[in-house]
Amino acid sequence: MFKQSIRRLATEVKQITPTTTSPFNISQPSSYTLAQLRSFPTLEPITFLPLPSSIFTPAHKHTRKDLLWSAVIYEQDSMRVGSNYAVQKAEAPYSKRKLRPQKGSGRARLGDANSPHMDNEIKAHVIKGYHDWSTELNQKQYNKACNESLSLKYKEGGLNIIDGKCDFEHDFAEISQSFIDSHKLKDLNLLFIVDETRSNLENSMKSWFTRDKNVETMFRKDKAKYLSKLKGKIINKDEVMVRDILRANRIFIEKQALQWMITKYGDI
Amino acid sequence: MRPSIISNTSLKIINKGTLYEFSSLSKISVSQLPNYNNFGNGNYLIQKSNFNHWPIYKKISNSNKVITEIKKIRGDITQFKNDLLKIEPSLEIESVNLNAGIVNIKGDQVTKIKTIFSKYI
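Top line first, the protein sequences correspond to chains A and B. 863 is the number of the first residue of the first sequence in the numbering used here; add one for each residue after it. 5 is the number of the first residue of the second sequence in the numbering used here; add one for each residue after it.
One chain only, chain A, in its complex shape:
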């Protein structure tokens, strides 16, 4: 069935002879590009899936790195909390006593220790929390960057489209180990983009990647940082960022989640 689905397209190819007399070499680009639809967790190809060329651009097209850069900066800015605390001169944490006499010491004039030019934590001009660091980016630019990042992974061969649910039957850590070993995914960043919460997949991946550390005894701040840097990430479709897609070496995306992303970010 896998071969038959594409066989018809191969026999249709005809020799094209240019008939136009225009000095411009105008031609129409392709409307679709093909990807393999795979089963999970075997990753066995089932059939071909026509993807829109407006999003999954062909290999010859240059990647818009400028848009990817803008989108990542925009996301990082929006993630900043802006709750830093800084001591200012008005708070006057030290005594107001004059440190040395005005005249006679042979050195410069000096007031109290609450001066920001001295070696202390006091800042003269500083942005204090509560501050909004988020920047703006045009919606079209962000949408284009999302498409470019997915397209980049498609061109690299790291995009796996899964038919049905991307979930394991059980939540044991050994299932994740078996999945990673059998598909040679060791030391690679994996990203699972799911349509809904897949608890078995999440629990299995988390228990496998955190097997060396006791996460429960970690501090809250360290725990969040440690979990955010794990190599296996499971993210819901509406929480995926461009940065997540770019960091991943292999992406496993459910067909429904891809449909949702094309609807939201695609210019269709």
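For the record, the hints were derived by calculation from the structure and aren't laboratory data. Hints are supplied without guarantee of correctness; some may be wrong.
As a list, the in silico DSS-like pairs of lysine-lysine whose alpha-carbon atoms are at most 25 Å apart [stated by the list, open to error]:
#, chain 1, residue 1, chain 2, residue 2
1, A, K1046, A, K1002
2, B, K75, A, K1006
3, A, K927, B, K118
4, B, K123, A, K1002
5, A, K990, A, K951
6, B, K123, A, K1006
7, B, K76, A, K927
8, B, K123, A, K927
9, A, K1006, B, K110
10, B, K110, B, K123
11, B, K31, A, K927
12, A, K1002, B, K110
13, A, K1002, B, K52
14, B, K63, A, K1006
15, B, K118, B, K75
16, B, K52, B, K63
17, B, K69, A, K923
18, B, K76, A, K1017
Listed next, with one range per pair, are the computed distances between beta-carbon atoms [stated by the list, open to error]:
#, chain 1, residue 1, chain 2, residue 2, range
19, A, Q938, B, E98, 29 to 37 Å
20, B, E98, A, N946, 20 to 28 Å
21, B, N108, A, F1034, 58 to 66 Å
22, B, L102, A, P978, 48 to 56 Å
23, B, I64, A, K1083, 23 to 31 Å
24, B, S27, A, H924, 52 to 60 Å
25, A, R1109, B, L102, 21 to 29 Å
26, A, H924, B, E25, 25 to 33 Å
27, A, P978, B, K118, 55 to 63 Å
28, B, E98, A, R1109, 32 to 40 Å
29, A, V943, B, N45, 44 to 52 Å
Quick reminder that beta carbons are idealized off the backbone N, C-alpha and C, glycines included.
Dock chain B against the given chain A, drawing on the hints supplied.
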């Protein structure tokens, strides 16, 4: 994208209604697939904008430098540049952006290039 902690108002969520449906393999023809007409190698496409205008704009920088910008070029941009120079050799190319598909030409050449496009494309 995950919502911002401080403000998530900058990204507007657009509800487009129904989900995108993938076409079935039986409905698409081979001419709609890549490598059929070798698009991008020696050929290109310039489309009009949604309001039926050619994507040619006059750009003034530093209040005195005038540049004509041709945008939305898909495919082989170098080939397009060469074809345009064959038709109008007097044009001076300022720069070519291969990533974004933009060709910049020195001076105000908007009317001239629009006429060429309307005649030949």
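- Message: Could you work out which of the previously given hints the structure breaks and list their numbers from low to high?
- Response: 1, 3, 4, 6, 8, 9, 11, 12, 17, 20, 23, 24
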